[in-house]
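**Student:** Dock chain one against chain two, each of which comes alone in its own frame, and use the hints as you go.
Heads up: the sequence lines are chains B and W, in that order. Taking the UniProt record's numbering, I'd label the letters of the first sequence as residues 1 to 506. Taking the UniProt record's numbering, I'd label the letters of the second sequence as residues 1 to 466.
What the hints contain is simulated information worked out from the structure, not anything from laboratory work. Worth double-checking, as some hints may not be accurate.
[As the list claims (entries may be wrong)] Just some of the chain B residues that point at chain W, by a computed CB distance under 7 Å:
(1) Gly54
(2) Asp57
(3) Met81
(4) Tyr283
(5) Asn419
Beta carbons are placed, not taken as given, at the ideal position from N, Cα and C, and that holds for glycine.
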Amino acid sequence: MSRDIDQTFTALPLRALADAALARARALGAEHADFRFERVRNASVRLRDARLTGSHDATETGYAVRVVHDGAWGFAAGVDMSMDAAARVAGQAVAMAKLSAKVIRAAGGTDRVELADEPVHGERTWISAYEVNPFDVPEEDRVGRLAEWSSQLLAADGVDHVDATLMAVQENKFYADTAGTVTTQQRVRLHPELTAVAVADSGAFDSMRTLAPPAGRGWEYLDGTGWDWDAELAEIPELLAEKLAAPSVTPGRYDLVVDPSNLWLTIHESIGHATELDRALGYEAAYAGTSFATFDKLGELAYGSKLMNVTGDRTAEHGLATIGYDDEGVAAQSWDLVREGTLVGFQLDRRMARLTGLGRSNGCAFAESAGHVPVQRMANVSLKPATGGPSTEELISGVEHGLYVVGDRSWSIDMQRYNFQFTAQRFYRIEGGRLAGQVRDAAYQATTTDFWGSMEGVGGEGTYVLGGTFRCGKAQPGQAASVSHGCPSALFRGVNILNTTQEAGR
Amino acid sequence: MTRTARTTAPHELVERALELSRADGCVVIADESSSANLRWAGNTLTTNGVTRGRTVTVIATVDGVQGTASGVVARSGSDATDLEPLVRAAEEAARRAGPAEDARELVSGGPPSDDFTAPPAETSSAVFETFAPALGESFAQAGAEGRELYGFAHHEVVSSYLGTSTGLRLRHDQPTGTVELNAKSPDHTRSAWAGHATRDFSDVDPAALDAELARRLAWANRRVELPAGRYETLLPPTAVADLMIYQMWSASARDAAEGRTVFSAPGGGTRIGEKVARLPLTLRGAPTADGLGCAPFVLAHSSGDDLSVFDNGLPLEDTEWMSEGTLARLVGSRHSAELTGLPAAPMVDNLILDGGGEQSLEEMVAGTERGLLLTCLWYIREVDPATLLLTGLTRDGVYLVEGGEVVGAVNNFRFNESPVDLLARAEEAGRTERCLPREWSDYFTRAAMPALRVPDFNMSSVSPGV
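Isolated chain W, as found in the complex (with noise of 0.2 Å):
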């Protein structure tokens, strides 16, 4: 048994099962992964791995006496190639599903991407050419200092190519990569974390990650113990990003309309027109941005509460969710759109929060008489999604800030917070700079975020976890 996985061109494999299709409407996309890793602990790589992989996705849309049915069929690895039997598939899950609450006429229209007959870019363990060598040498120089180095560095490229049966012939390659190094005192009590997020690697640079560290640990060797409270708290990048994209992700334009999230008006309605935040911050997504570009299209590989197959190849453009503290829209599909009224706004795949601040996070410390300055925040959950109430930890550092100085290391906290609330609160944002969401790195890795400065940080309780 042998099959051609590796021979057929990815826009072939598009264009064959779209031929193949009997379905009144399809919609094909093929998504071409490669990987790199590696991993560490206690100052010596444990796991590392590369991988390449294939997803063939094909949604079959039947247009029937009550509506449009769609049916999704994914396949990868060895079957990806075997077209026709996963087109059938697709054909007969849409023939017994009965019709599709979203159902539209699929996108059309705009010329094709240029490269997309051409192969998919990839990456491999090259990727990490200059970084690896680096970072051994970071693992001797931690080692000789006293200080143990975990991390993890991964990158990623996947060529996506999308065709329909109304001719939209579109691609998109997207290059994701992050770093995480994590440095500890022998014993464990002391833990300090930074992270970034790349595109290729050649902006990495270990030696001034682990020195950042260094001198986060020799924070630590004074430690103070504070009780649970408020405290007036710099977030850092990394926090508010995290603390953003989680506010995204509950900001469904639907679920708002019918009553049910923070953004829902009382008696009925959006808070879209209200005023959220206090200083003139502006949240955004934007597919070309600098440095964060991702797809310029729709993408929908299953349909879900603001996301539809149908909006397949729908163009992407710059969106305000916030503007200067306003809020501006809520994320919804065509279908979703329909349903509350307000205009179609699909997830863009970066988050963008800025204020205009020019303060970096230092000069932010220098003007701090006295309150906390964090590292990150870890397993953050909902609580009450009527208040958009989320609950997490501290991590890897919580530094107390006396006279414009770092003074010592705190123990960690467990919080219990609205994004929604911190920004009605928050009195200052710095500079907005490019940060890796630590929790949600597996998910969402392209931000820009300002340190935000909260007068009254709820600590609920202490942590004496490190």
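Isolated chain B, as found in the complex (with noise of 0.2 Å):
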């Protein structure tokens, strides 16, 4: 196992700059400072019908100061790496504190910026769980992965096309604050994706594309460490073809049977992003939207049936939203966002743990690169499986007319996260508590709370499986953040199925 930081990264003059930069906005009177500095590499590539089409490896370097001055907040980044400049860039950070002080005192605010106390942790080292950096495997046995296995589905009767791509990230964090805590961390994820497409001769088409979900792993993953490649590889043609030629869906009321490659994004945009508390707080109300989860429901809001416990962690094996620490110093932690249906807590920073007398930030604050201000962010929001609950057969045997949901396709919900529709890679008919074959153009419309409470079976921990996605974005300017979702199948009574084609006035 690799499991040594980068030294590359370690070899950067990073302490010498964080003392730099702390030193200088302590200096002009900041009553807090923190110093971080990120390396991202992003790489990607995608092939069409098995051959290349494009590749990219970028990587962006650089650092930034936030402090908090005279209650305000100041931020400023920089790239150049001597110690006179990191100095400037702290000095920068205070200037526009003091700028927004000012700002704010002229529209008669009086808020003052005051942060949740964190304990120290000294110097603190964190590694994700992953066995081989996907950057140490050489580029053509990257692409020649993907190139072996579209070509295995291209073979296939009924595929015209395949579409594939892999995206791998490492990220190098290192973090000082006036308080003491400084942690270097490093994080490496990765997410291949194949999608077969077929023609007929009608002029109709479909796709059908991997579920393996994007994963906080190495190389490891495509090797088969936690994904079964061959298996979904082997069946993709059979359930395109099936697709294709499967009756179109009769709209109406249907009990449903989520897989959790379909509810870990119901999950994302119904629960993720409504316990966002900055969200609540309307601090993205002009943009990502505000939430019907309002501050005052805590403890109260009747979120889902008494089956619904949803958490919110940065601990998970493999999430892409674990980590040690966050961009503001405070450890990971695990926590209940939902219990027996009701909504219990909110995702946190420290500025709003203390504003809303919560106690300590259960830790998320993130930016997207140096250049960016943290913010508060997503942490892996999952369902809880039933302590021996049922398997996914059995919770189908339970639904006399209904429909079985696997793997994501399309997503929309409002701004306040109300209304939402779902798509999916493959809908089956339930009849009489057995699969009866899929269906075509269906997709399921709800209200959140309506649509949790009609939760009425939750899967055991054998159904479980953390999805996720490498493209949360938020705020202005725009950051993105990966995060995983994990949940188990569950079956919820009476959903409304929608016929997209139908819906398309067709």
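**Tutor:** Here you go:
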């Protein structure tokens, strides 16, 4: 296991830059200052029909200083690697804080930025759980693996085209603050994805995509650790052919058994974003939106049925939002967001934790890169499986007339996280407790609390899968973040199913 | 450890990287960026920032027995001026990648840009010199009148320097500015939005935007609940822009020729030449369009389905994607042109829809017996590529028009509609106006669109969200 922090990162003058920046901030009277140096390497390859269509390998390196000065935030970022430059950036951050304080006071504002207490952690190192750094694998091997899998799919009957992509990220982060926490961290993540496309003589076409989630793993993921690629690739051509020939769904109310490969995204949109406290407080009101789960409803809002238990965490092994310490030096934690159907928690940063009197931050402050200011970002938000609960087949057996929903595809939800609509890679009819073939053109549409309120069955640990995304967007200027969502299969009663062909007026 | 991050001129970086190249071909792009932003919520500034950045992208091409390979490596920030490892990394990537299917001769010919050796253009917080105080006054005004203002102002300038081993030396300066203003009633049950795209903020008037929002919040004093259904709907330019942008992103020549998009013809080929719009609407990209100017040559930082690094520097001309209602061009690189037999037509970074209409949106409202007037669309996602069915929400104001006047505000809806079908059904297009596409403004800001009247827009369900 290559579990050492990349030496080309630790060889950088991280400590010296931090000392220079923090000393200057302190000298200028900052109440709090933190220094963050980040190097993020992002590589992607894309193949069409087993041939390389494009590749890109980008590394962004820089640092930032953030201060609280006279009760106001100041932030500045820099790239020049000299002590003088780092100190200058600290000075710029203090100047920004002074400017900000002036504007806020002129507008009659009296709020002062104060941060929730966090233990001083001293010097810490943290590395994510992977075996083989994907960047240690030669590019020809990375492209070669995708080409081999693409060729395998293309060789199957009924597959006309294959798209394949692989994204790989290595993130190195050094953090030091005036309280004395100093962390050096390294995360690696991967997202391989293949899509087979079939075009019928009639002109009809459809696709079937791998369900393998993006993961906080290394190259071993493509060798079969954590996912059975051979099994998934082997079944895709047949699943695609069946989908293309499937009857169009009859719209109406159905009981749904939702597979984790689909449910993770519904959790992301309808619980993950809705329990971000900055949304509830209005900071995202003009852009990402607010939340129906407002702060005054904490401890009272009936989010869903009694079976619904949702946690936020930064600790799940291989989770994309998993880390040792956040961008405010807060140690990773796990906490409840929804307990037995009731809203009991939010995702916090240190300022909001203090502002709302919720105690310690749960460590959700992150920036996309050194050039971005940390904002509250989503933890791994996950639905707990039922201890000793049913298998997916057992959940299906409890449905007389319904649909089994597998794999995410289309998604959309409103700015307060009420009304959502999702499609899937595949919908299967359930008749008399058994699967009865795929149907096409289905979408499920619901209101968040109705949907979670209709959850009548939760699968056991054996159905639990960690899904996720590389591309959760938020804030202005926009920042991307990666996040995972674990969930079991679950049963929902009486959900509205649309026929998307009819929706298109055909 | 010191570096010369701020002392080396970008054109010198390009020249030095090209000199270092040992590959058969080399393309270097140096992007110098600067930006300033202000964000506000509840009538007070929340965050702000000023950034400067540099990214150097090196594309190495290596000829081999089986074809030409390419390697693309980019470095931003501290490492961007450490050129030798960057050039070697690109060459190594090219040698290891295997043949690139889009490999072509690199573009050559043409004189260098006059300003290739000049310093980059840049912005700073000074761009907000008159805007920021005016915004502060709007906060005070809004607060006094019971409105909360939320929003974001952003200005960015990117100077891109492109050099190739075939002798191209091109430069493009791209200013991009946006301002979004959102007003809410203190109880957050009413919300209105206005957006504006600008090149330099000299044409942005916060007071005028706020006054328009005050008028719209007043419209919402009367609340009308309407069920899902098909409604006569006036789509304002921003909503039309968001739909047309998504349509352009789905207008790949290669995908269409492969039978995989709404623009594929059943039985093979594409729908080019087919009448797709009921009105004689022309949809075009025009790099030199007044106020919407964008790069007049290809700047490709990586290859994709219809974009090729080998096309870097290829001149971009005015391109009609749809001519008087007839599908005319699909997006493609030189490589996809060869695969499809269609002309190469790289994407242009602006979009103009024009049907010769002269009516303002207000005049279209006055000519409406009963219908819905939208503010903008949100969370637009593809549901079905075969029809290009999109779903999304109305946001920040759906107004009921009766007898030519706005008579109240309606609940929000989730819609399911295809832009291609909307073009086929739209029965009136207003005057083409510059607008800010709200949904896609992180990626695409240069648009001019007319409002469209759609007789039967599909509001699929009610959204309680505000």
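**Student:** Look at each hint and say if it fits the structure.
**Tutor:** Results for each hint:
Here the hint on Gly54(B) is kept, as its CB sits about 3 Å from the closest CB of chain W, short of 7 Å. Checking Asp57(B) against chain W: minimum C-beta separation of about 5 Å stays under 7 Å; hint holds. The restraint placing Met81(B) at the interface with chain W holds, with a minimum CB-CB distance near 5 Å, inside the 7 Å limit. The interface hint given for Tyr283(B) holds, since its Cβ lies 6 Å from the closest Cβ of chain W, which is under the 7 Å cut-off.
With its C-beta approaching chain W no nearer than about 4 Å, Asn419(B) sits inside the 7 Å limit, and its interface hint holds.
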